[in-house]
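**Student:** Listed below, chain by chain, are the residues.
2 protein chains.
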Amino acid sequence: MNEQHIKALKAIVGEENCYDDIAHKLAYSYDATRNRYEPDAVIFPRDEQDVSQILAYCNTHRITITPRGAGSGFTGGALPINGGIILALEKHMNKILEIDMENMLARVQPGVVNKKFQQAVEEVGLFYPPDPASEEYSTLGGNVSENAGGMRAAKYGITKDFVMALRAVLPSGEIIRAGKKTIKDVAGYNVAGILIASEGTLAVITEITLKLLSKPKLRQSAMGVFPTIQAAMNAVYKTMSAGVTPVAMEFLDNLSIRAVEERFHKGLPKNAGAILITDVDGNLPEEIDYAINKIQEKFYENGCTEFKKATTDSEIADLWFARRNASQSITIYGSKKLNEDITVPRSKLPELLERIEQIAQKYSVVVPCFGHTGDGNVHTNVMVDGNDPKELEKGHLAITEIFKVAIELGGTLSGEHGIGIAKAPFMPLAFNESEMNLFRAIKKAFDPNNILNGGKMGL
Amino acid sequence: MNEQHIKALKAIVGEENCYDDIAHKLAYSYDATRNRYEPDAVIFPRDEQDVSQILAYCNTHRITITPRGAGSGFTGGALPINGGIILALEKHMNKILEIDMENMLARVQPGVVNKKFQQAVEEVGLFYPPDPASEEYSTLGGNVSENAGGMRAAKYGITKDFVMALRAVLPSGEIIRAGKKTIKDVAGYNVAGILIASEGTLAVITEITLKLLSKPKLRQSAMGVFPTIQAAMNAVYKTMSAGVTPVAMEFLDNLSIRAVEERFHKGLPKNAGAILITDVDGNLPEEIDYAINKIQEKFYENGCTEFKKATTDSEIADLWFARRNASQSITIYGSKKLNEDITVPRSKLPELLERIEQIAQKYSVVVPCFGHTGDGNVHTNVMVDGNDPKELEKGHLAITEIFKVAIELGGTLSGEHGIGIAKAPFMPLAFNESEMNLFRAIKKAFDPNNILNGGKMGL
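Protein chains in written order, with numbering that gives the first Met the number 0: chain E, 0 to 458; chain L, 0 to 458.
If you are wondering where the hints come from, they were derived from the structure by calculation, not from laboratory data.
Just so you know, not all the hints are guaranteed correct.
Since the list gives no way to pick out one identical chain from another, each pair is judged satisfied if it fits inside one copy or across any two copies.
Dumping the calculated DSS-like pairs for lysine-lysine here, alpha-carbon to alpha-carbon at most 27 Å [what the hints assert, rightly or not]:
#1 210 <-> 403
#2 114 <-> 94
#3 210 <-> 393
#4 443 <-> 114
#5 443 <-> 361
#6 210 <-> 293
#7 361 <-> 154
#8 216 <-> 335
#9 210 <-> 237
#10 443 <-> 214
#11 335 <-> 307
#12 24 <-> 403
#13 336 <-> 115
#14 114 <-> 154
#15 154 <-> 90
#16 94 <-> 307
#17 154 <-> 210
#18 335 <-> 115
#19 265 <-> 307
#20 403 <-> 115
#21 216 <-> 293
#22 154 <-> 237
#23 265 <-> 393
None of the values given here were measured: they were computed from a predicted structure.
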């Protein structure tokens, strides 16, 4: 990018919203992958019109654009790997535009932080279920672009299940609307559906209409202790298919339990093969009792040795402490965590966990696992010494084998983190050449000059 | 199409599965629009391999293909408007391949009839909610291609909410897989999402993986009588936003009530402005009571003059009789029914119905309305004398105005019937040129030679 480009972009958004100094370039060179790529400039659009003009200009001059929310992604979706500009949407385009109680929906700009949005709708008795672990800082635009999941997906689904409509700007600068404020809409192709999870490669999302639910009045949590990981995994899918739908059904394996216990001394069962932590909600005490009792029954049928209920807020928080602190605790096993989020059909969880153990043994690596078993989503963490190239190589070989097993079991490379650059090399494991070519044709239909977040998703 | 083409296609599927005689051409020239277009040939593929070979051949020779399930669509999606071949999927590709109880999903071929599938999964305690009015004959492939809705959409959503994965054949003959047997999958673009509701214009669906739920054990229905249509429409959206989610929330206006009563003498309230018929389900009597009582409370708050509960199967059937027979009964008002399925945000229902009444008066046409108010979907039926060209023209003018009002109120041209050819002329009311061009680019990405169901959806 030359000086003239910077000047032209400043003319669009104002001097105060376009920077090419080293401080800004550094500040926007990272994401949660800890990789670093410097952009040529950082631009803060004020509104959709700014986005439209910026894209039109960049399209004409073939300048690469990387849209960015909070930069909290795990796969590099917001990294400017080819330079160009970072389009930072969190600064100005971060307003909740409307909470429509009558139709139970909200309109937001992409830069709204997930948790702030959850709180705003809960204040008026409504409920937005998607709760990625990054909820405190990740933005709704990022959530839509990556199709973020979370703990409550087992009952409520993921981001895509709540997106009713989008406004977006095409690389040409044209503004499009996709979807409606209606539950049903079958006019035209489902453009909103394909923008979700497209990782900012097709268009820049400028407004999101989200479906809301009524906030359930009651909640109860419980924990089950299992002698082996296989017993726990059997319990998961047998409970889920027994006519009860817990909000969440999370697990920690023995390595994860030990790690949390070593750090925090919470009295967790250190010798358990796994623990399952579950949550149910509803409006009636009878619903809650029915669900918890059903879960307890199914857990005991599958080898559970201890079942602990939690009802008060502090009891619930205690129970969830282990799960919430698993990710940071397992760093005791190695300085570098190669964390993936493979997902398989629930009935394949016992086999998946068994084969991960075999792979860990084969490569002599430690692989603590935890995650959202209620929807078959397992966070596998291959822990290695980040300063030892041999260890790193071993780790990557183990990861590759884990991906292969997930695909073989009918699963996917990623349940919620996306592909970005981190998983791009593994796309051919999951997709054949016809499927990859179709992705490329779709990309070209939206972005013929490849100016939008190029080089992502293995395209 | 010349004789050589027929010969080549017969070589693929066998003599007994390819016909160009007049009987077959006539039998496959219709759909529920009652328009007629004769294909040049009718082919019954035996499996995905047949579909692949047929498409590859037709792509090379630029022969138009119209995929077809039961031909029960209301908008002409299955009509061979440009001749070519009808690819009839209901004859051989109609098998339920798998009901996976452990993961609560099923794999089916596209030609499986919706109701047969519902029954098959209910036999093993599972539940497939989408229940279009055509459920007795429409196929799941057609349901996916049109994104069919139904009565239970208010609580459970529509076809798209149950599609986990698809197998499909691209116009090139290439076989692709889209989606997974997992609840979460964010690897690659959401190709399954864009194939849903694409009306057979992008690819031929050869296998569908559908999510299933547990069958709720209990069900109760109720009817509310309202003095005016506005009171009923207010009750709809105020009930739905009060923290209760009925399975269905259907309505009949005064004209529809009178029509059913004239035909069937069921003792319906002939002077009511509207009736609302609702259904709740659950596993516990307490849940059912909570929901029904909440609905009753909200109905009475909004002017309901009579609230009638039904608990036994025969009481429930009686209550639903009026709704199920509305469509055929209103033909007393005219020989030709111009029926549309506009959908608006629920809070706009009172205004929508008021403005439909004004339009009916302006053009002196009778417009009975009924439908799925729980999701804002209103079946508006402009009744005219089909043999009177002036009447027909008036009717079309009225329909055009109704579409404009729906769009103005933030709604859509179609909640569940699709666009096909019937609503193609109205696409510019709903979409701007950028949006239409994007649809065309998407079409081209999948089908560069435009061999698949061309001329549909206004593209």
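**Student:** Each hint needs a verdict: does it hold in this structure or not?
**Tutor:** Cross-check of the supplied hints:
1. 210 <-> 403: Only across copies: residue 210 and residue 403 sit 24 Å apart there, 36 Å inside one copy, limit 27 Å.
2. 114 <-> 94: within (13 Å within a copy, 45 Å between copies)
3. 210 <-> 393: Neither: 44 Å inside a copy, 38 Å across copies.
4. 443 <-> 114: neither (34 Å within a copy, 40 Å between copies)
5. 443 <-> 361: Classified as neither: same-chain Cα gap 42 Å, cross-chain 48 Å, threshold 27 Å.
6. 210 <-> 293: Result: close only across copies, 22 Å inter versus 30 Å intra.
7. 361 <-> 154: neither (36 Å within a copy, 49 Å between copies)
8. 216 <-> 335: For residue 216 and residue 335, neither the intra-copy (41 Å) nor the inter-copy (50 Å) Cα distance is at most 27 Å.
9. 210 <-> 237: between (30 Å within a copy, 16 Å between copies)
10. 443 <-> 214: Neither: 41 Å inside a chain and 43 Å across chains, both beyond 27 Å.
11. 335 <-> 307: neither (34 Å within a copy, 65 Å between copies)
12. 24 <-> 403: neither (37 Å within a copy, 48 Å between copies)
13. 336 <-> 115: Classified as neither: same-chain Cα gap 29 Å, cross-chain 49 Å, threshold 27 Å.
14. 114 <-> 154: Result: close both inside a copy and across copies, 19 Å intra and 26 Å inter.
15. 154 <-> 90: neither (33 Å within a copy, 37 Å between copies)
16. 94 <-> 307: Neither: 41 Å inside a copy, 45 Å across copies.
17. 154 <-> 210: both (15 Å within a copy, 13 Å between copies)
18. 335 <-> 115: For residue 335 and residue 115, the Cα distance exceeds 27 Å both inside one copy (31 Å) and across copies (53 Å).
19. 265 <-> 307: within (15 Å within a copy, 55 Å between copies)
20. 403 <-> 115: Close neither inside one copy (38 Å) nor across copies (37 Å); limit 27 Å.
21. 216 <-> 293: Answer is both: 20 Å inside a copy and 15 Å across each meet the 27 Å cutoff.
22. 154 <-> 237: both (15 Å within a copy, 25 Å between copies)
23. 265 <-> 393: Neither, since 33 Å and 76 Å both go past 27 Å.
In the structure shown, a violation is registered for the earlier hints numbered 3, 4, 5, 7, 8, 10, 11, 12, 13, 15, 16, 18, 20, 23, in ascending order.
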